[in-house]
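First to last, the sequence lines map onto chains E and G.
Numbering-wise, the first sequence is residues 1 to 113 according to the numbering used here.
Numbering-wise, the second sequence is residues 1 to 114 according to the numbering used here.
Hints should not be assumed to be uniformly reliable.
[Unchecked claim] So, partial list: chain E residues that the calculated Cβ filter (under 10 angstroms) puts toward chain G:
#1 P34
#2 P44
#3 L46
#4 R51
#5 V54
#6 K68
#7 K71
#8 F89
#9 G106
By construction, these hints were calculated from the structure, which means they are not laboratory data.
As the structure is a computational prediction, the values presented were derived from the model and not from experiment.
Note that beta-carbon positions come from the ideal geometry of N, C-alpha and C, so glycine has one too.
Spelled out from the first residue to the last, the chains are:
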Amino acid sequence: GENVEQHPSTLSVQEGDSAVIKCTYSDSASNYFPWYKQELGKRPQLIIDIRSNVGEKKDQRIAVTLNKTAKHFSLHITETQPEDSAVYFCAAPLYNQGGKLIFGQGTELSVKP
Amino acid sequence: EPEVTQTPSHQVTQMGQEVILRCVPISNHLYFYWYRQILGQKVEFLVSFYNNEISEKSEIFDDQFSVERPDGSNFTLKIRSTKLEDSAMYFCASSDPSSSYEQYFGPGTRLTVT
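Using the sequences and the hints given, assemble the complete structure.
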């Protein structure tokens, strides 16, 4: 089955710096990779996703890159702001198992003003 | 913008009691999911539901758990006899058949078993 590994588990940056979170997956059949942001006590919120037919996708200050050969994908946040502080989860679905999402372990991002 | 909703937001129950967690998925979505998140840990898949039946369930989803879509709008998770280790945040999610990959999460129900 799919296994998703996420690094680092914690990340602290200064406001304005960039942050990068990386994930690897094991199932070469996976072709959709979402990223969720979870603020304390709140729901995971889908912030960006990428499908396997593209290598990069951007939405304002966030971007996701995908390397299918190496089976890894990364979240990039530029010009970080204190409100970016949250736990970020990567995930990969298993379509032959009801589309369930396998989540990474999460990265707690702290942006210091 | 339509959202998944869940009730209650917090449920406290005694060990051995039955609980029902309720979800209203986004109205045109056809795929439904329950996930669990123990405090400080990652989100874990419990069960997926499509076309009025379970598509997939995890090893966590044992005989004490059941799901139901009793009408056209609600999707429920029942735990028959709660255990202390069932204490967690339970999230419902749904996805759109035309974009079945994108799952949107509800606000969660915090279940505390004492």
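How the hints compare with the structure:
{"no.": "1", "hint": "P34", "verdict": "holds, 7 angstroms"}
{"no.": "2", "hint": "P44", "verdict": "holds, 5 angstroms"}
{"no.": "3", "hint": "L46", "verdict": "holds, 6 angstroms"}
{"no.": "4", "hint": "R51", "verdict": "holds, 8 angstroms"}
{"no.": "5", "hint": "V54", "verdict": "violated, 14 angstroms"}
{"no.": "6", "hint": "K68", "verdict": "violated, 16 angstroms"}
{"no.": "7", "hint": "K71", "verdict": "violated, 18 angstroms"}
{"no.": "8", "hint": "F89", "verdict": "holds, 6 angstroms"}
{"no.": "9", "hint": "G106", "verdict": "holds, 5 angstroms"}
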